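**Q** Quick note, the sequences are listed as chains A and B, same order. All residue numbers for the first sequence refer to the numbering used here, where the first residue is 1 and numbers rise by one. All residue numbers for the second sequence refer to the numbering used here, where the first residue is 99 and numbers rise by one.
Be careful, since some hints might not be right.
Simulated restraints on C-beta separations [what the hints assert, rightly or not]:
#1 A:Lys57 with B:Pro287: 15 to 25 Å
#2 B:Val352 with A:Ser58: 34 to 44 Å
#3 B:Ala283 with A:Ile5: 43 to 53 Å
#4 B:Ser361 with A:Phe20: 45 to 55 Å
#5 B:Pro249 with A:Phe17: 39 to 49 Å
#6 A:Lys88 with B:Asp545: 41 to 51 Å
#7 A:Phe20 with B:Gln258: 29 to 39 Å
#8 B:Glu476 with A:Ile5: 54 to 64 Å
#9 A:Glu21 with B:Arg384: 42 to 52 Å
#10 A:Phe17 with B:Lys387: 27 to 37 Å
#11 B:Ala469 with A:Ser58: 49 to 59 Å
#12 B:Arg282 with A:Lys88: 44 to 54 Å
Calculated directly from the structure, the hints in this document are not laboratory data. As the structure is a prediction and not an experimental result, all values here were calculated from the model. For glycine and all other residues, C-beta sits at the position ideal for the given N, C-alpha and C.
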Amino acid sequence: MSSEIITGLYVFLLAGFVGFEVIRRVSPLLHTPLMSLTNALDAIAVVGAIVIAGEHKSTLSTVLGSLAVAASISNVVGGFLITDRMLKMFKTTKTKKS
Amino acid sequence: MNPPLMSEQVIQVIYLVASVLFILSLKWMSSPATATRGVRAGEIGMALAIGGTLLYHGIVDYRFVAIALVVGTIIGIPLGLVHMTAVPQRTALSHAFGAFSVTLVGTAEFYLRTPNVSPFMMSVLSMEVILGSLTFTGSLMAAGKLQEVLPQRPITFKGQNIVNLSILAVAVAVAVVLVFHPERASLFPLIILMPLIFGVMMIVPIGGADMPTVISLLNSYAGLSAAAMGFALDSKLLIIAGALDGSSGFILSVIMSKAMNRSFTNVLFGAFGQVQASAAAQGEARTVKTATAEEAAGILGAANSVVIVPGYGLAVAQAQHKVRELFEALIKRGVNVKFGIHPVAGRMPGHMNVLLAEADIPYDRLLDMDAINPEFPETDVVLIIGANDVTNPAARTDQSSPIYGMPILDVDKARTIMVIKRGMSPGFAGIDNELYYMDKTLMLFGDARKFVGDIVRELGGAGGHG
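Make the full structure from the sequences, and use the hints.
**A** Here is the structure:
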């Protein structure tokens, strides 16, 4: 195994651990926005798709890459948009009166 | 340093910044006060990462990328504007899109590299494509069930698990062959096709009420497939984002499965949805006490403290706004009103909170199960709207009950209990609810929205708006 793979595994495990610790603390109140947010963040796969589509190495890879870019970016746009809309609805008794 | 190498390093630094922003983004989701900042951090991180990627010198043709970005944005906007009741199916659909994207990239990578694919590369590509394709069809099925274009009823047949696992086993076996013989490119479509079928088969036996667990689990799979893609592309940013999403989905599935009284292995192996409607206790016709809207309004108005327990039935009846009026009318009379929310009250984790927040109910009044349970003994009146099994005391007391052990809202400890219900039909698990026969329980039969509206009118409250 190359050192790149090992580094990748370290990153994966540490990020997974950070994820557990951070997400455990998210209030159940916000579990739905949490899911739509992680969904938008997960669409970071778009960076891989952009490279595949833009490198233009073969027709197949360009077509698949472009479709992947479109699918991912729709998650980015839709995910952030709906998370934002949901969070705007959460008001406290105080902010509601003001 | 030559320019391409320098820009490469700049991109890596940008990705590092984006990774930090993603983690902060999730950290800030811990409370509603900082959550908006969390979304901003995520947006900035995403914009930086996409911008940085566009700088990559290997990109020779921007035309298709540009078209795809525009088309994706056009698709994404309406998906961000759906109604709040439709958020669960939107979420399932976006899992499908994410998984679709990951599968396509994995497929493109394979055909660009074959026949020279290292065993490690082939392993991660297989994982990426298998997880991606099963999440794709699985999520589409889940979205279809939630949107009710597919039957919500679980469809089961004998030997289902064996058939399903065999389909998946074929995919894994083919992947193993490919790891050792990556030149056999004609086998590759099988590791897409088999998981696609598996994804459908996995969701077929699952009923509508189990969707919160399923969505969370698919969320986790989508994250893991993205992480596998990160390994394939050697992108730390993708590995991190995938790991975060994967652990988020995992945590939510554990919470949901606990709240539904399933062990986690039970969930992992797709056996959920097989809640046996064990011989629905067809008891003797027992008597219940009923009350009218007028009587209910009198009791609520005279109380010091009221806890409203909403279930999904409330959203089905579109009663959120009427409930808000009731909330305001009672607050105006000086009644302390809170909401007790069970983890599986909606169609996905946290869904009920969003529905109530949308109806303008302040979130500091929305309490989760652990926070509200100690308060029930001090509560004058509990008003249950559209919830059933999550209030059944049999979960605590009756070892023979199929829901025994399930964490419930201890509404039976309150002084008076009122239940708005269409009729005496049993809940999802097909079991009778002891609560309804208690001396201090009043049944309010009727449509939730109309009944709450009648109570509000009796209270002379909030005026006719909304």
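**Q** Each of the hints needs a verdict: does it hold here or not?
**A** To see whether the hints hold, each was checked on the structure:
1. Between Lys57 of chain A and Pro287 of chain B, the C-beta spacing of about 20 Å keeps the proposed range 15 to 25 Å intact.
2. For Val352 of chain B and Ser58 of chain A, the hinted distance range of 34 to 44 Å is satisfied, since their beta carbons lie about 42 Å from each other.
3. Distance hint for Ala283 of chain B and Ile5 of chain A: a CB-CB separation of about 23 Å, inconsistent with the stated range 43 to 53 Å.
4. Against the hinted window of 45 to 55 Å, the Cβ-Cβ separation of Ser361 of chain B and Phe20 of chain A comes to about 20 Å, which falls outside the hint.
5. Here the CB-CB span from Pro249 of chain B to Phe17 of chain A is close to 41 Å, well matched to the stated 39 to 49 Å.
6. Lys88 of chain A and Asp545 of chain B have their C-beta atoms about 30 Å apart, which leaves the hinted 41 to 51 Å range violated.
7. Between Phe20 of chain A and Gln258 of chain B the beta carbons are some 32 Å apart, a value that agrees with the proposed interval 29 to 39 Å.
8. Hint check: Glu476 of chain B to Ile5 of chain A, Cβ distance near 58 Å, so the stated range 54 to 64 Å holds.
9. Our hint of 42 to 52 Å for Glu21 of chain A and Arg384 of chain B holds, since their Cβ atoms are close to 49 Å apart.
10. Taken as a hint, the range 27 to 37 Å is violated for the pair Phe17 of chain A and Lys387 of chain B, whose Cβ atoms sit roughly 53 Å apart.
11. Take Ala469 of chain B and Ser58 of chain A: their Cβ atoms lie about 56 Å apart, and the range 49 to 59 Å holds.
12. The hinted window of 44 to 54 Å between Arg282 of chain B and Lys88 of chain A holds, with their beta carbons roughly 53 Å apart.
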